[in-house]
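There are 2 protein chains.
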Amino acid sequence: MSIIGIDLGGTKLAIAILSESGKMLSKEVIALDNRKGNEVGGLIIELIKKYTFSEGSPIQSIGVSMPGISRKKTGTVWAPNIAGWEDYPLLKEIKQVAGAIPVSIDSDRACAILGEQWQGNARGCKDAIYLAVGTGIGAGILIDGIILRGAHDIAGAVGWMALHKPYQKKYIPCGCFEYYASGEGIAKLTREILQEESAYRGVLREYAPEKITAHHVFAAFEENDPVALQVIQECIEYWGMAVANLISVFNPEKIIFGGGVFGPAIKFIPSIKAEAAKWAQPISVTQVNFEQSGLPGEASIYGAGFLALKNIHRT
Amino acid sequence: MSIIGIDLGGTKLAIAILSESGKMLSKEVIALDNRKGNEVGGLIIELIKKYTFSEGSPIQSIGVSMPGISRKKTGTVWAPNIAGWEDYPLLKEIKQVAGAIPVSIDSDRACAILGEQWQGNARGCKDAIYLAVGTGIGAGILIDGIILRGAHDIAGAVGWMALHKPYQKKYIPCGCFEYYASGEGIAKLTREILQEESAYRGVLREYAPEKITAHHVFAAFEENDPVALQVIQECIEYWGMAVANLISVFNPEKIIFGGGVFGPAIKFIPSIKAEAAKWAQPISVTQVNFEQSGLPGEASIYGAGFLALKNIHRT
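Chains L and U are the protein sequences, given in the same order.
Residue 625 is where the first sequence starts when you use our numbering, and the numbers rise one by one after that.
Residue 625 is where the second sequence starts when you use our numbering, and the numbers rise one by one after that.
Please keep in mind that the hints were generated in silico from the structure rather than gathered at the bench.
Careful: at least some of the hints might be erroneous.
To be verified - Pair ranges (Cβ atoms, derived): (1) U:A898 with L:P833: 31 to 37 Å; (2) L:E820 with U:A898: 30 to 36 Å; (3) U:S645 with L:A901: 43 to 49 Å; (4) U:Q854 with L:G748: 48 to 54 Å; (5) U:E710 with L:P850: 45 to 51 Å; (6) U:Q916 with L:A655: 49 to 55 Å; (7) U:I796 with L:K674: 58 to 64 Å; (8) L:M648 with U:I907: 33 to 39 Å; (9) L:T837 with U:P713: 54 to 60 Å.
From the three backbone atoms N, C-alpha and C, an ideal C-beta is built for every residue, glycine too.
Take the sequences, apply the hints, and build the full model.
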């Protein structure tokens with residue numbers, strides 16, 4: 625028996641066939657190539673048909689991870705990076721081709737913590753949090769083994785965490801925490817500092833300011849560049865405070881750091897832990913483990929598979 | 625059929641007989657009078673015996689709210705304000721006298737949101753948060769109808785929320801949010817400002833600085849005292865940020881403000897909502913209602929009753 629896990633991103637789609645024990649038997653990645661609305665839905669349908677209804681297919685369940693909000697009650701999805709997906713009936717569309725095969729959909733952050741729970745660094749955990757730091761920031765939160773959804777499926781929007789007063793208008797598009805400590809935030813903060821420091825002669829001046837990315841900043845950090853050191857130090861403070869808040873509020877067993885930034889920022893996890901330990905509820909912070917993702921870049925696709933697997937056992 | 629709800633505080637104990645429909649049939653309040661450890665346990669046992677085993681007693685279940693941590697796995701409790709209750713076997717003690725009558729214990733903050741859900745302002749809600757602001761700060765958090773416990777029963781320690789960097793040593797005993805925005809924080813901040821403002825001639829100079837309480841500050845606010853205005857404005861900012869973080873993380877239906885400070889601070893709820901709206905995930909903040917407690921001073925005892933009631937229906 626096998627299951628399908630689909631990981632839809634903003635620019636590409638990955639589809640994997642997984643065994644019930646979590647072995648990835650095959651994986652195909654396809655660029656979205658600016659597909660919009662129905663075209664993205666059509667691509668998913670086409671792939672599901674290809675893998676599910678070939679002769680002798682052992683597929684028994686389908687799980688989908690998507691970049692946005694998955695609405696449980698309606699089965700519709702909202703994906704800010706896919707045009708026309710404000711309230712797209714993805715579940716209905718897939719069910720129409722899947723027939724009797726069960727289908728589940730959840731957000732990429734929910735799938736990430738489920739993937740870690742199934743095959744990654746949250747195995748055995750019932751209360752764990754996946755902090756995804758990439759272009760943006762979000763969290764997948766597992767409470768007693770169940771994904772925290774909230775009243776309207778948008779729980780875990782931790783990029784909006786308020787961490788430094790007073791309020792500033794620049795937080796409007798993305799929230800305070802994400803403004804400073806996302807991949808985009810790291811680049812932005814670096815550009816701001818460079819603009820002010822006309823005497824700066826470090827490695828980052830090699831790039832046009834608007835071209836600077838978080839990866840350049842991490843590389844400059846390795847060379848002890850003073851601006852990179854300052855930016856990373858500030859991020860460690862914000863990551864530590866945000867994680868401290870999650871610890872005080874949830875009393876979890878594990879925090880897992882993932883997304884494109886963790887990645888290179890994995891080496892800062894001990895510093896983040898030290899910062900969090902200053903702020904958090906002092907007993908809770910001794911009861912939690914800090915870990916990197918056990919499935920770098922693949923937590924969500926494994927999570928989609930685990931969604932599918934849970935759906936078999938439920939029915 | 626009736627149930628017993630017990631609300632143990634740091635200085636007094638209340639015991640109520642409630643009908644299954646949530647009517648309070650009787651209530652008795654007893655001062656703890658510096659009772660310690662076993663003596664507090666003994667008082668609870670004595671009252672349970674009195675109400676449960678009188679002739680024709682209709683008591684079918686017992687619920688207890690206690691000020692601290694209730695450990696689900698062991699049935700023991702930790703109460704910082706009761707000497708000798710580091711790991712006190714309260715459940716075992718009560719069960720010994722209760723016999724076949726079911727017994728449940730939970731923390732006062734968990735009971736507060738359960739009480740509001742049963743008979744207060746969270747009726748009909750499955751995702752709601754009770755923010756208790758008194759001497760300290762904590763939260764009772766309901767997720768899909770279930771109390772958030774965390775891996776080791778200390779979830780909801782929101783007084784430790786990190787809201788303003790950099791870290792300061794003065795946050796060590798209680799956490800950043802509680803330092804500024806608890807009842808004790810309001811008094812402390814006022815004292816700090818008065819010490820610095822030697823030219824101050826307002827109403828708060830009537831009191832010796834060490835005697836100033838949050839109640840004095842709220843009274844001075846009514847007279848437009850500049851120091852009180854400054855302190856309350858700062859608290860509104862912290863309350864707004866903390867509530868914004870709960871909204872972004874949990875996407876709840878309702879936030880209920882309780883504890884001794886709400887109370888007089890109820891009139892600031894609209895200002896807190898305006899502050900929270902600046903910081904929080906912008907969709908979530910439109911989906912949540914802000915309310916005062918529907919059971920001022922009695923949310924926890926009703927919640928203890930609801931614990932008891934749930935225990936009947938479970939068994």
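Can you let me know if the beta-carbon spacing of S645 of chain U and A901 of chain L is within 43 to 49 Å? 48 Å Cβ-Cβ, so the 43 to 49 Å window holds.
In this structure, is the beta-carbon distance linking T837 of chain L and P713 of chain U contained in 54 to 60 Å? holds, 57 Å
Distance restraint evaluation - I796 of chain U, K674 of chain L, Cβ atoms, bounds 58 to 64 Å: holds, 60 Å
Verify the CB-CB distance for Q854 of chain U and G748 of chain L against the hinted window 48 to 54 Å. holds, 50 Å
C-beta pair A898 of chain U, P833 of chain L: status relative to the range 31 to 37 Å that was hinted: The hint (31 to 37 Å, Cβ to Cβ) holds, given that A898 of chain U and P833 of chain L are roughly 36 Å apart.
Does the Cβ-Cβ separation between E710 of chain U and P850 of chain L fall within 45 to 51 Å? Check passed, 49 Å falls within 45 to 51 Å.
With 30 to 36 Å as the target window, see if E820 of chain L and A898 of chain U comply at their CB atoms. Holds: the Cβ-Cβ distance is about 33 Å, inside 30 to 36 Å.
Could you check the hint for me, namely that Q916 of chain U and A655 of chain L are 49 to 55 Å apart, CB to CB? With a Cβ separation near 53 Å, Q916 of chain U and A655 of chain L satisfy 49 to 55 Å, so the hint holds.
33 to 39 Å was suggested as the range; check whether the CB atoms of M648 of chain L and I907 of chain U agree with it. holds, 35 Å
Every hint from the earlier list agrees with this structure, and none is contradicted.
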